[in-house]
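Produce the entire structure from the sequences given, and follow the hints as far as they go.
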Amino acid sequence: MKLEMSNIAFTRLQRECKEVVTNTEIAQTGIMIEILNESLTDIKGQIRGPPDTPYAGGLFDLEIKIPDSYPFSPPKIKFVTKIWHPNVSSQTGVICLDILKDQWAASLTLRTVLLSIQALMCSPEPKDPQDAVVAKQYMENPALFKSTAEFWTVRFARGKSGENEDYKSRVEKLRDMGVREEEAISVLSCNNWDLNKATVYIFS
Amino acid sequence: MDEVTIVVLDKKKNVRKNLSLKVGNEEKIDDLLQNVGKLTAIPKDELEVLFCGKMLGRATKIRDLQLTPATQLTLLRPEVCSSQKPENPESSTTVNSSFYVFCKKCDSVKRAKLRVYCENCQGTSILVKNEPQNWADVLKTKRIRVECSSETCVQEIYANFRFKCVDCNEICAALTHARGNWQKSECCICSDENILVIDLGCNHLTCLECFKLYLEENLENFNFKLKPPHGFTITCPYTDCNRVVQDVHHFYLMGKSKYQEYQKRATEKLILQSDEGVTCPNPDCEKCNERDCVCHKTDDLTRNTIEATTRKCPNCQCSTERNGGCSHIHCTNCGYDWCFKCVKEWTENCQWDHWF
Chain D
1 MKLEMSNIAF
11 TRLQRECKEV
21 VTNTEIAQTG
31 IMIEILNESL
41 TDIKGQIRGP
51 PDTPYAGGLF
61 DLEIKIPDSY
71 PFSPPKIKFV
81 TKIWHPNVSS
91 QTGVICLDIL
101 KDQWAASLTL
111 RTVLLSIQAL
121 MCSPEPKDPQ
131 DAVVAKQYME
141 NPALFKSTAE
151 FWTVRFARGK
161 SGENEDYKSR
171 VEKLRDMGVR
181 EEEAISVLSC
191 NNWDLNKATV
201 YIFS
Chain C
1 MDEVTIVVLD
11 KKKNVRKNLS
21 LKVGNEEKID
31 DLLQNVGKLT
41 AIPKDELEVL
51 FCGKMLGRAT
61 KIRDLQLTPA
71 TQLTLLRPEV
81 CSSQKPENPE
91 SSTTVNSSFY
101 VFCKKCDSVK
111 RAKLRVYCEN
121 CQGTSILVKN
131 EPQNWADVLK
141 TKRIRVECSS
151 ETCVQEIYAN
161 FRFKCVDCNE
171 ICAALTHARG
181 NWQKSECCIC
191 SDENILVIDL
201 GCNHLTCLEC
211 FKLYLEENLE
221 NFNFKLKPPH
231 GFTITCPYTD
241 CNRVVQDVHH
251 FYLMGKSKYQ
261 EYQKRATEKL
271 ILQSDEGVTC
281 PNPDCEKCNE
291 RDCVCHKTDD
301 LTRNTIEATT
311 RKCPNCQCST
321 ERNGGCSHIH
331 CTNCGYDWCF
341 KCVKEWTENC
351 QWDHWF
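Protein chains in written order, with UniProt numbering: chain D, 1 to 204; chain C, 1 to 356.
It should be emphasised that the hints constitute simulated quantities derived from the structure, not laboratory data. Where hints are given, some of them may not hold.
Stated by the list, open to error - Cross-link-like lysine to aspartate or glutamate pairs, in silico, DMTMM-like; alpha carbons within 20 Å at most:
{"no.": "1", "chain 1": "D", "residue 1": "Lys160", "chain 2": "D", "residue 2": "Glu140"}
{"no.": "2", "chain 1": "D", "residue 1": "Lys44", "chain 2": "D", "residue 2": "Asp61"}
{"no.": "3", "chain 1": "D", "residue 1": "Lys136", "chain 2": "C", "residue 2": "Glu348"}
{"no.": "4", "chain 1": "C", "residue 1": "Lys341", "chain 2": "C", "residue 2": "Glu307"}
{"no.": "5", "chain 1": "D", "residue 1": "Lys101", "chain 2": "C", "residue 2": "Glu217"}
{"no.": "6", "chain 1": "D", "residue 1": "Lys65", "chain 2": "D", "residue 2": "Asp102"}
{"no.": "7", "chain 1": "D", "residue 1": "Lys127", "chain 2": "C", "residue 2": "Glu348"}
{"no.": "8", "chain 1": "C", "residue 1": "Lys225", "chain 2": "D", "residue 2": "Glu182"}
{"no.": "9", "chain 1": "D", "residue 1": "Lys18", "chain 2": "C", "residue 2": "Glu186"}
{"no.": "10", "chain 1": "D", "residue 1": "Lys101", "chain 2": "C", "residue 2": "Asp337"}
{"no.": "11", "chain 1": "D", "residue 1": "Lys127", "chain 2": "C", "residue 2": "Glu345"}
{"no.": "12", "chain 1": "C", "residue 1": "Lys105", "chain 2": "C", "residue 2": "Asp167"}
{"no.": "13", "chain 1": "C", "residue 1": "Lys344", "chain 2": "C", "residue 2": "Asp300"}
{"no.": "14", "chain 1": "D", "residue 1": "Lys18", "chain 2": "C", "residue 2": "Glu193"}
{"no.": "15", "chain 1": "D", "residue 1": "Lys101", "chain 2": "C", "residue 2": "Glu156"}
{"no.": "16", "chain 1": "C", "residue 1": "Lys129", "chain 2": "C", "residue 2": "Glu156"}
{"no.": "17", "chain 1": "C", "residue 1": "Lys54", "chain 2": "C", "residue 2": "Glu156"}
{"no.": "18", "chain 1": "D", "residue 1": "Lys65", "chain 2": "C", "residue 2": "Glu217"}
{"no.": "19", "chain 1": "C", "residue 1": "Lys341", "chain 2": "D", "residue 2": "Asp128"}
Laid out in structure tokens, this is it:
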């Protein structure tokens, strides 16, 4: 049982962080990291929503935890900012991405992993979803999926595009009934914005 | 090196002499022949030096041969004097290449020298008919023919190659994937430029230290997969690269005791996979062969817990616990994709109908 990070892990992380922090080319791709502690086990990641996606204009924060066995085990990464995406749990932010699990390789880095997550935002894999409800909506009603994901980007990811007034008013109606904003948005989204179904779901 | 054993095979007079001779490291083969000539009254031009299956050039330095007191040099005086091939006295022969081995005696990776013997008499008084071109030529038998000076070896004779540790002379297993980092490439794990690297043939270089850690990390959860004919082995640490370690001797990089652990766990896994046994919870039990031994009785509490918390992989029957995530299980034991709800192969229906 190892108690602390190996030397390789530490020096490599230092280099990786430096790479992401100082390289302007990387910054242009919309990827950023911030070191949260000296031992480099807690890192904050940030991905800018890629253009031409429902996430465009949003800033998505990620929690990155480095295990002691890094880089032989993958970093544990999840979305802190809520996101409506087939491969990310709308409840917990857990990401379903093969390289974060059994396809991890020691040659991958924080930069490559964050780029892969950004790529996943551009092209979801509904065949291997983390969130079945989102995935189902993505497959069966792409337009609804798109507007929902956009609404989530504005509400949770500091997105700047105009808010869907219709969705906004339905959220307000649930809020008037004493439902928390986050829960209201989540339940409405899961019920394809059907206010009746959402109400029944919450109060039954 | 000061003293070497020399065998003079005089085919002209059909006599054999053993000599022990002092030689300096800086001397050349030509100097040695001159000294032997003085002792045996054979003109030095009539003698050939056989070493490592080769005829040595006159300018070859003694130092480059990496001799030890146990090494034997063969000096051959052919029946017919080889006047047809006047050898350039300036020519030197290289007998060393960069080989790396795991030396069990030193318990570490060492540079090695390649030595060649007659397969029949194990003698060193031989001449290879063609030089080995690749690893297979030296690792497999009956690939390289030799001409042996021994009277008893007249038939078709092949060479036997051995790798010896340069420090302690122990015969060692060659690490075919280890090589010098001549292109000064970065290690795919730590990005440092180290002198010695592991290359599985895919050109993804990993430095020795990182490769060792990589192996150790994988030993902990035994992520070695059965890949015949290589046995339980492991892929290149590089992303998506499927090249595997082709010779399990490389797992000695973890040290002798971890290698033994690897062997033990590989054996256990093989037995479990072929469904031919159970793992005994108490392997040192003396009564283990008796029927009433505790080992033959499954602990009810353990069994109940396992049965209550796990489901068996429908392919390999491996007890599997789902401690989070979705119902899609990828068996780490056999690689089968199955649904934790149906306990059957994973299908698209599972995807939609009972995700959580």
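task = Go through the numbered hints given earlier and state which of them the structure violates, listing their numbers in rising order.
result = Hints 1, 8, 13, 15 are the ones this structure does not satisfy, whereas the remaining hints hold.
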